[in-house]
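**Student:** Sequence:
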Amino acid sequence: MNRHLTSLLLVVSLSSLHAEAASTYRCNSRLVSLDATTAEVRSKCGEPVTSAMVGYKEIIDDYGYRQEVSVEEWVYGPNHGMLHFLRFEGNRLRQIDSQRGN
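So the sequence shown is residues -21 to -1, 1 to 81, counted in mature numbering (1 follows the signal peptide of the UniProt record, and there is no 0).
In case anyone wonders, no lab produced these hints; they're calculated from the structure.
Beta carbons are placed, not taken as given, at the ideal position from N, Cα and C, and that holds for glycine.
Please note that the accuracy of each hint is not assured.
[Stated by the list, open to error] What follows is a set of in silico ranges between Cβ atoms, one per label pair, in the way DEER data are often shown:
1) Gly43 with Arg5: 16 to 24 angstroms
2) Asp14 with Glu37: 14 to 22 angstroms
3) His59 with Tyr35: 27 to 35 angstroms
4) Tyr44 with Asp14: 13 to 21 angstroms
5) Gly60 with Glu19: 19 to 27 angstroms
6) Glu37 with Asn58: 32 to 40 angstroms
7) Arg79 with Tyr42: 22 to 30 angstroms
8) Asn7 with Tyr44: 33 to 41 angstroms
Could you build all of it, start to finish, from the sequences and the hints given here?
**Tutor:** If you want it as structure tokens, here you go:
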């Protein structure tokens, strides 16, 4: 029983580390976090290697109104063999993904 509990706690703690890693991105010696603006990311990280407008998304704003916002994907790297994909919706950072480059 105690062995199973230890295993479960290990899995839960590793899962939380993964979730935290995906909510921030380190560029140079600075960190950017989810909800940062495109201007903040650009000032901390510089220009991305590539950027692309991937479409539009309909959201409901803080006041309950529907709005259509642009969706962009920026790519930074490779840094230590990793490419970092930052997805912006309406000029706000909403997703950070990393994968090993070729």
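**Student:** Next, verify each hint and record whether it holds.
**Tutor:** Hints versus structure:
1. Checked against the hint of 16 to 24 angstroms, the C-beta distance between Gly43 and Arg5 comes to roughly 36 angstroms, which is inconsistent with it.
2. A hinted range of 14 to 22 angstroms for the beta carbons of Asp14 and Glu37 is consistent with their spacing of about 19 angstroms.
3. For the pair His59 and Tyr35, the supplied restraint of 27 to 35 angstroms holds, since their beta-carbon distance comes to about 34 angstroms.
4. Taken as a hint, the range 13 to 21 angstroms holds for the pair Tyr44 and Asp14, whose Cβ atoms sit roughly 19 angstroms apart.
5. At about 26 angstroms, the CB distance of Gly60 to Glu19 agrees with the hint of 19 to 27 angstroms.
6. Checking the proposed 32 to 40 angstroms range against Glu37 and Asn58 shows it holds: the Cβ atoms sit about 34 angstroms from each other.
7. Between Arg79 and Tyr42, the C-beta spacing of about 42 angstroms breaks the proposed range 22 to 30 angstroms.
8. Asn7 and Tyr44 have their C-beta atoms about 38 angstroms apart, which keeps the hinted 33 to 41 angstroms range intact.
The structure is inconsistent with the numbered hints 1 and 7, although it conforms to all the rest.
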